[in-house]
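A.B. asks: Listed below, chain by chain, are the residues.
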Amino acid sequence: MSSHTNDTTNDVSSRALSNLDLETPAKPYLDSNELIINMGPQHPATHGVLRVILKLDGEKVLGTECVIGYLHRGVEKIAENRTYAMFNPYIDRMDYVAAVSNGLGYCEAVEKLLNVEAPRRAKYIRVILTELNRIASHQLWLGTHALDIGAMTPLFYTFRDREEILKIFEKYCGARLTTHAFRIGGCQYETYAGFEKEVKHFLTYVAPKIDEYEALLTTNRIWLERTKNVGMISAADAIALGVTGPVLRASGVQWDLRKAQPYAAYSEFDFEIPTGENGDTYDRYLVRMAEMRQSLRIIEQAVNRIPEGPIMAKVPKVIKPPVGEIYHSIEAPKGELGYFIVSDGSTQPYRVRVRPPSFVNLQALDRMVRGLLVADVIAVIGTIDIVLGEVDR
Amino acid sequence: MPSFIMSYLGSTVTPGEAGNQFWALMYVLIIFAGVSVAVMAMNWLERKALAHFQIRLGPMRVGPHGLLQPIADAIKLMLKEDIIPANADQFVFWVAPLIGLLAAFTVYTVIPFGPSQAVSDMNIGILFMLGVSSLGVLGIVVAGWASNSHYPLIGALRSGAQMVSYEVAMGLAVVSAILMTSLKTGTGTLSMIGIVQSQQQQSVWFIFKFFPLGFIAFGIFAIAMIAETNRAPFDMAEAESELTAGYHTEYSGLRWSLFMLAEYATMIAVSSIAVTLWLGGWMRPFPNLLHAPMWDFIFSLFPGLTFLCLATIAFIGTARMPAHSFFRIQRIGLAVFAALLGFLALLLLVIAVAGRSADASLAARFNEGIGYVYWFVLKVAVFMYLFIWYRATWPRYRFDQLMRIGWKVMLPISLGVLVVTAIVGVLVS
Amino acid sequence: MVPITTFHYLVVAAALFVLGVIGVLTRRNVVIVLMSIELILNAVNLNLVAFSRMWGNLHGQVFSIFVTVDAAAEAAVGLGILIAFFRNKETINVDEIDLLKW
Amino acid sequence: MAPVATPWFFYVLAGLAVASGVAVITRRNAVHSALALIVTLLSVAGLYLMLYAPFVFAVQLFVYAGGIMLLFLFVIMLVNIERSSKERRFNRMWPAGLVAACALMALFISAFVKGRTLFPDRMILLPESSNTQQIAGLLYGEPGRIGQYTFAFEIASLLLLVAILGAVIMTKKKI
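Residue numbers (this note's numbering), protein chains in the order written: chain D, 1 to 393; chain Y, 1001 to 1429; chain U, 2001 to 2102; chain W, 3001 to 3175.
Honestly, I wouldn't trust all of these hints.
To be verified - Reference listing, derived: stretches of chain Y covered by chain D, where coverage requires no fewer than 3 residues with Cβ under 8 Å from a Cβ of chain D:
#1 1042-1056
#2 1324-1337
Said to hold, decoys possible - What follows is a set of in silico ranges between Cβ atoms, one per label pair, in the way DEER data are often shown:
#3 W:TYR3011 <-> Y:GLY1253: 32 to 38 Å
#4 Y:SER1036 <-> W:TYR3011: 52 to 58 Å
#5 D:GLY74 <-> Y:PRO1085: 32 to 38 Å
#6 Y:GLN1021 <-> D:THR218: 56 to 62 Å
Unchecked claim - Straight-line Cα separation of at most 27 Å, DSS-like style, residue types lysine-lysine; simulated pairs:
#7 D:LYS55 <-> U:LYS2089
#8 U:LYS2089 <-> W:LYS3172
#9 Y:LYS1408 <-> Y:LYS1379
#10 D:LYS228 <-> Y:LYS1379
#11 W:LYS3172 <-> D:LYS60
To be clear, the hints were calculated from the coordinates, so they are not data collected in a lab. Beta carbons are placed, not taken as given, at the ideal position from N, Cα and C, and that holds for glycine.
Isolated chain D (complex conformation) (with noise of 0.2 Å):
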């Protein structure tokens, strides 16, 4: 095995292996199983063009390093070319699977800053995208995890489902996947007609399925193998690390913002925090599902209860926010999404800077995998639930 280390020592990796520490001399006891490989970034496991350079002794990881920035575009630099409203959609190419999260998290950044806060109904149709929204992630994420552990069949089923979702979305505002939902002030776009009744309907519809989901999984014996005591993050690191999302949750740590910082119009509802209690990838993927059932009973009542009214606050034309900065983060499907806008008072922000959840808990990858094997990299990374177009921005 070692006639093929010696290729991916190129200046570039090199430079990236940093905590590898790859410029060590040769032991005295010579390691015949040690090798480095590339994966990624053209690998179907690192969802996207995620390079995870790892050290192996045999197929036991001893280190890994996360090479990002393959899908940097400047979103962050963009902003301060743009408008607050103009800028908006740009939100929407960050984390692609959960573009109405990033939406109101922008929205509601922007109506702090104006001091503006959007009508009732609004904020429960914001709800109701948004906590769509979180099942679709979800289930796009357990689809893509399972197919990553070797399980086809549930990323069909969960395709099928987010469908449904899908065409929600597109019947409320006529884009499937980079939404655009919501604008600065509320929503531009009343519900369409029979909108309650589809979505009580998709409720109906997907219930059952999420069992399927999990009569698939939960209890197959590999699953649980491959799941339990893998990728491990004790609640003080992953707090040490930034990590938040379903991945704190699943360490036992009951932090949501949803529930810690009430945002839109979630201190109205009725949920729970669902949380692990050993942080290894089995739990995760219990809240995750768990956090599905919430959200189902989340738009329940926001459904049930939405109010008439306006559905946009009175916004000047040219948005022109004050002179200040503000920080405002959301529950995203992956975890806190912060925005950080400094405005100088023009039409144009001074500065944006994003706190994309999958970045921070990207971050968590090399503690998770020390010391397991290769196929375990896999499900670890498949566990973190990372959008490439998030963490590259």
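The hints should help you fit chains Y, U and W onto chain D, whose structure is shown.
C.D. replies: Just chains Y, U and W now, kept in the frame of chain D:
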């Protein structure tokens, strides 16, 4: 020369034993063609069945319900550019798929489709099968090495270790079945035909012999054979999410298709071993219990009825095709296919009726032979379906878990079963 | 055509034996030296089986099975030594194995 | 089973065995050598079949070609062969070795030529269909009686066990 051809037809032994070279060659050709067709059918079936498990349609465009898809795929693969990586070991890269293919096809010389429907009845039949199929792993290991690339090498080493480990449990399970062959006569046999015949003599399939024992041994074999063929959930060697495609990552075109051909041929071969050892090989259900001529006749109708069933399904499919003119050619094609199946069904039924009366006539012999082959193929087909079902249902094991199961679970159990079988066998006789 | 007798087999076996000896004596790569030993053992096996047929009893065949067992043990231990050695010296050439201890 | 075209098969198999035997000791690349050795082993297996020794044939196939050679291939892949392929193939004393081997060959030839009359020209047709059972009789004994080689067989299994332990101890980094 015609007498040379005809003289064998009345014989009840394999052409290999009869020393009839003409028929031995014919059998080899028939089996080669049959296996190739079976692999194509399996390819289509796997894609269709997997698709329906996963709420998709699978191939629908090439031919009615994608029936011609395997042929289209084969042509595509043959016309594809054959890429050999620059730093690969050219000769070894070239020869590796052939090793696997040769090993996969050589085992068919001893598979008994009937008491005389085999190329040869080797005295060491089952050992020969296991030995030759263990050569297939050489092709995989060498292919991974010759590619001169990380992922193929890891895949090759994985599958090499995996196949060697599971061969142990598999061999012990086989031994406990072979032990059972010696129960009535005192001497056991390794001959594939002899194993089926001893099941007939003891009037029990070995899966039901000493009830849990035979079943456990069969179960171990059934698990080990999935690992042997690198299929899900043990498809570590070609785990696409981990190793892109494992040992054949660098292969393309015809050479890649040879790997696939070898894999499917091996699947059929190991299923045949399982059928021969535990499921009574070519025997129809209850050959000793329901052995009146009436029952013989009823069971001899099965092949014809099966084809009739298939023909009916094809006809229903024809009728349900959309009326659009776009589908006209497909409709005609499916109708012709259905008619062909119906014709075959008719032919088989006619043979069944004709072969009913006279005992030594050619028709009777023919009828008998068709029955043997039919039941054998049917049992193997069940295994083939199971392979697909497993693949659709289960996630993939991790490599160390796979090894742990192989060495720490399967090996002790199969050893225990072997010992207990021996003790029970001694006590009974 | 001359019928094939024991003598023919002996000649083939002798040729394989000598090839094995040449390999053992001249090659530097330990793996190939071990393979040459396998060649020698095979030549011996061929002799045993040929004689077994000549005398019409099976003792030669049984003996060849024992030789095969021996070959398996030898390969396992030999390759084990080889790997342990490779870890320490990073070479698999026989003529560089010239220290009694390190 | 009546043998077919025996001399032809013999010459083809013998030629293959010797030719690939030459390849084993001359190839620079160890994997090529291993592949050549597999061909030799398979040809010798074919010769066993011609000698009416099907069980030995199966053992050869199973243990040698399937097991031992896989082990060899594994080890070749684990150790560095890129470097050794650029080095000298033969050691410095190769002429001496060659001379010694040639002397051995000469000895064999002279023994064969002188002793040709000692070998009876007969080939007994061993019963092939009961070959396995008879070998089993020698190894394990007939019912009620211990076999001639039972003790040796047990010793051989002990040898294998020791070999397994030795190999594990030597290759394991930490025990």
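A.B. asks: It remains to establish, for every hint, whether it holds in the given structure.
C.D. replies: Each hint, compared with the structure:
Residues of the segment 1042-1056 of chain Y lying with their CB closer than 8 Å to a CB of chain D number 5, which satisfies the three-residue condition for coverage. Residues of the segment 1324-1337 of chain Y lying with their CB closer than 8 Å to a CB of chain D number 0, which falls below the three-residue condition for coverage. Take TYR3011 of chain W and GLY1253 of chain Y: their Cβ atoms lie about 37 Å apart, and the range 32 to 38 Å holds. At roughly 32 Å, the beta-carbon separation of SER1036 of chain Y and TYR3011 of chain W lies outside the given 52 to 58 Å, and the hint is violated.
Against the hinted window of 32 to 38 Å, the Cβ-Cβ separation of GLY74 of chain D and PRO1085 of chain Y comes to about 36 Å, which satisfies the hint. For GLN1021 of chain Y and THR218 of chain D, the hinted distance range of 56 to 62 Å is satisfied, since their beta carbons lie about 60 Å from each other. Of the pairs offered as hints, the one joining LYS55 of chain D and LYS2089 of chain U holds, with about 23 Å between alpha carbons and a cut-off of 27 Å not exceeded. In summary, the hint linking LYS2089 of chain U to LYS3172 of chain W is supported, as the alpha carbons are separated by about 16 Å, within the 27 Å threshold.
Proximity of LYS1408 of chain Y to LYS1379 of chain Y is assessed by CA-CA distance (about 30 Å); at most 27 Å being required, the pair is judged violated. Simply put, LYS228 of chain D and LYS1379 of chain Y have alpha-carbon atoms about 37 Å apart, too far for the 27 Å limit, and the pair is violated. Distance hint between LYS3172 of chain W and LYS60 of chain D is fulfilled; the C-alpha atoms sit about 15 Å from each other, no more than 27 Å.
When held up to the earlier numbered hints, the structure conflicts with 2, 4, 9, 10 and fits the remainder.
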